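Colleague: Listed below, chain by chain, are the residues.
2 protein chains.
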Amino acid sequence: MTSRTILIVDDESAIRDMLRIALEMAEYRCLEASNAQDAHGLIIDEKPDLILLDWMMPGTSGIELARRLKRDEVTANIPIIMLTAKGEEDNKIQGLEVGADDYITKPFSPRELVARLKAVLRRADPQSSSQPIKVQGLCLDPASHRVTINEREVDMGPTEFRLLQFFLTHQERAYTRSQLLDHVWGGNVYVEERTVDVHIRRLRKALTVDQHENLVQTVRGTGYRFSTKAG
Amino acid sequence: MTSRTILIVDDESAIRDMLRIALEMAEYRCLEASNAQDAHGLIIDEKPDLILLDWMMPGTSGIELARRLKRDEVTANIPIIMLTAKGEEDNKIQGLEVGADDYITKPFSPRELVARLKAVLRRADPQSSSQPIKVQGLCLDPASHRVTINEREVDMGPTEFRLLQFFLTHQERAYTRSQLLDHVWGGNVYVEERTVDVHIRRLRKALTVDQHENLVQTVRGTGYRFSTKAG
DNA sequence: ATAAATTGTTGCATATTTATGACAGTTCGG
DNA sequence: CCGAACTGTCATAAATATGCAACAATTTAT
Chain P
1 MTSRTILIVD DESAIRDMLR IALEMAEYRC LEASNAQDAH GLIIDEKPDL
51 ILLDWMMPGT SGIELARRLK RDEVTANIPI IMLTAKGEED NKIQGLEVGA
101 DDYITKPFSP RELVARLKAV LRRADPQSSS QPIKVQGLCL DPASHRVTIN
151 EREVDMGPTE FRLLQFFLTH QERAYTRSQL LDHVWGGNVY VEERTVDVHI
201 RRLRKALTVD QHENLVQTVR GTGYRFSTKA G
Chain V
1 MTSRTILIVD DESAIRDMLR IALEMAEYRC LEASNAQDAH GLIIDEKPDL
51 ILLDWMMPGT SGIELARRLK RDEVTANIPI IMLTAKGEED NKIQGLEVGA
101 DDYITKPFSP RELVARLKAV LRRADPQSSS QPIKVQGLCL DPASHRVTIN
151 EREVDMGPTE FRLLQFFLTH QERAYTRSQL LDHVWGGNVY VEERTVDVHI
201 RRLRKALTVD QHENLVQTVR GTGYRFSTKA G
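First to last, the protein sequences are chains P and V.
When we follow the UniProt record's numbering, the leftmost residue of the first sequence carries the number 1, and every step to the right adds one.
When we follow the UniProt record's numbering, the leftmost residue of the second sequence carries the number 1, and every step to the right adds one.
What the hints contain is simulated information worked out from the structure, not anything from laboratory work.
Everything numeric in this text was worked out from a predicted model, so none of it was measured.
The reader is advised that the hints may include incorrect statements.
No copy is singled out in the list; a pair is fine if it fits within one copy or between any two copies.
In silico lysine to any residue, SDA-like type, Cα no more than 20 Å apart, as pairs [claimed, not checked]:
#1 Lys118 <-> Asp11
#2 Lys118 <-> Gln37
#3 Lys106 <-> Val154
#4 Lys118 <-> Arg194
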């Protein structure tokens, strides 16, 4: 995968479709929500890398959702791009105040959208894609593509590497096999869910250095979780 | 490649095209950005050798970008040439204050541009391109264009030399074949990705003196990496 | 306690990815 | 114009990774 996940929040399905197509063309993984409630749920579950948020929506408005997200520490760092209709530009100020990272007025070209989006993503986490992630002696360095435990090199296959990378960036939360397939294997791949078990096994085996295999925990009836707290 | 990478930052695509043509004629590799945001991303990703920066741009202005770059240690040493329109010359002082290495007023001749650019590049890194790089007995001297291992001369072809030079200046980091083609062969060259394998092989063969071929490591599923740490 | 679910392990055939050797076209200096 | 040095491609071999199915072990529900 390696590709980022974008959440599209808009009440008009036509617009969502349009956005989805544009983003999928650009190799992004898409999630959709037609209202603020669903959106919030998806955000908690999937921790998207960026949110495309429609300004005007029935029920909780986009701005309200944005405000809520920015208030919560967990979601505060997810960049938001506001979608506003022409003429609503006054809202620009309000939107940026709330914490939107950019805003774009409809109608817009897919190219422009993707360009802005890339810019925001880059600005948002200049490091996350290349900064090593460490936890309890375990260190994964995306740049050199290496994993070490207490300075000792650990060997694993490409899939296990991606799996670990995903876990490290999404700790302390359980994922179903299906979700893991989506995130680590990539959207449209047909693989048995049980295959995840096998790779989890392989990852654990690779991490078997100073008990580090305990970081990958089984959540019975659900799937797996990466956690530093005892399972 | 040997050729340097120049980043062109200007909001007018016509000007970008003009600059690109001039620079490509002079054998430089070009990157383009139409705004400060994209530019910043490219700078982080590609570490260009020099930046041609338009003074006036919508959004974050050129001067603002320059200021930001000079503030960050990682990008502070990348030379910047400011492009200013005639009449804006007052900005010259301001630009140089911010840390621009030169400035040039539109309109200008391609010849003049290239001349200035060469001058700045020469001034900018008098050593980095000619200082020998040593690592574990392996030594590459750009000046004499020689490679030695423990004082013994090592023989290799031009491409292998550039490849090694690139690796030595970008150690401990995995590169895809595509990235290597971009950096070592140069931007718009159509060559099979597999060709990289062959040159890696040739480079390794050349380095087969006291295990030094282990410095060039395979990163399965990704590409290659130069590292002094065991693979 | 027993059956049903769910997860852990392992071996293996298959699919992918790399390494290598050979070859033909080019370039460059005599 | 010739020969040596380089390059890029291929075909083939070798190395690894992957997915799956079968069976064991564990947990949960009845």
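Colleague: It remains to establish, for every hint, whether it holds in the given structure.
Modeller: Outcome of the hint check:
In this assembly of identical chains, the alpha carbons of Lys118 and Asp11 lie at most 20 Å apart only when taken from different copies (17 Å versus 24 Å within one copy). Taking the closest pair of Cα atoms, Lys118 and Gln37 come within 20 Å of each other only across two copies (9 Å); inside a single copy the shortest separation is 26 Å, beyond that limit. In this assembly of identical chains, the alpha carbons of Lys106 and Val154 never lie at most 20 Å apart, being 48 Å within a copy and 55 Å across copies at closest. With identical chains, the CA atoms of Lys118 and Arg194 are never at most 20 Å apart, being 34 Å at best within one copy and 30 Å at best between copies.
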